[in-house]
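Those protein sequence lines, which keep their order, are chains Y and V.
Note that this note's numbering has the first sequence beginning at 23, numbered continuously upward.
Note that this note's numbering has the second sequence beginning at 23, numbered continuously upward.
Please keep in mind that the hints were generated in silico from the structure rather than gathered at the bench.
Hints are supplied without guarantee of correctness; some may be wrong.
Stated by the list, open to error - Estimated spans, in silico, between C-beta atoms of each pair: (1) V60(V) with I93(Y): 16 to 26 Å; (2) T89(Y) with P98(V): 32 to 42 Å; (3) M59(V) with H96(Y): 21 to 31 Å; (4) E34(Y) with T106(V): 40 to 50 Å.
Note that CB positions come from ideal geometry on N, CA and C, so glycine has one too.
Number of protein chains: 2
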Amino acid sequence: MFVHHVFFWLNEPDNLDAYNQLEEGLNQLSTIDTIQMVHIGKPAGTNRDVIDSSYTFSLLTVFENETDHDIYQHHPIHENFIQTCGQLWNKVLVYDSE
Amino acid sequence: MFVHHVFFWLNEPDNLDAYNQLEEGLNQLSTIDTIQMVHIGKPAGTNRDVIDSSYTFSLLTVFENETDHDIYQHHPIHENFIQTCGQLWNKVLVYDSE
Chain Y
23 MFVHHVFFWL
33 NEPDNLDAYN
43 QLEEGLNQLS
53 TIDTIQMVHI
63 GKPAGTNRDV
73 IDSSYTFSLL
83 TVFENETDHD
93 IYQHHPIHEN
103 FIQTCGQLWN
113 KVLVYDSE
Chain V
23 MFVHHVFFWL
33 NEPDNLDAYN
43 QLEEGLNQLS
53 TIDTIQMVHI
63 GKPAGTNRDV
73 IDSSYTFSLL
83 TVFENETDHD
93 IYQHHPIHEN
103 FIQTCGQLWN
113 KVLVYDSE
């Protein structure tokens, strides 16, 4: 199992157009067919010192293996996402786990 | 769906006893019965600017809802994990997404 978890911090988190555009982009990404499990998330209401809830959106994708993740990374839908949404965020953080 | 993703940085990542103790603790945690899906991970081999691969272990748990997550947090197995393993790490970071 290959777990790919991405966190996005919007430039303007209160800009509803930007918020909706990123959410729509994430919805498109979630259709890439090598994904086994996907979750588009927003910070939960939990609140402890060790919790980072400063991000705007999370995207959890699970793949069977790294090869399937690599197909996702180079998929035209992913490349289109970077082109159309890449200017919306000022920080993105990725954790890949196997 | 409630996604709870935790990253652990061991005090001594090259100390095999500490490494094995934390891994065994995570294996115990993964038996808590409100968990719907669990993955104990280590950094994958991917390497880009946006990827943080500095942690030692990740623990991804997925719950049906926040109530099931809260049961997990207060479960005796979780409390035992904190007591027996809490001294092993110098940093822990949590992302909760809904």
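Here is what the structure says about each hint:
no. : hint                            : verdict
1   : V60(V) with I93(Y): 16 to 26 Å  : holds (25 Å)
2   : T89(Y) with P98(V): 32 to 42 Å  : holds (40 Å)
3   : M59(V) with H96(Y): 21 to 31 Å  : holds (27 Å)
4   : E34(Y) with T106(V): 40 to 50 Å : holds (45 Å)
Hint compliance for this structure: no hint is broken.
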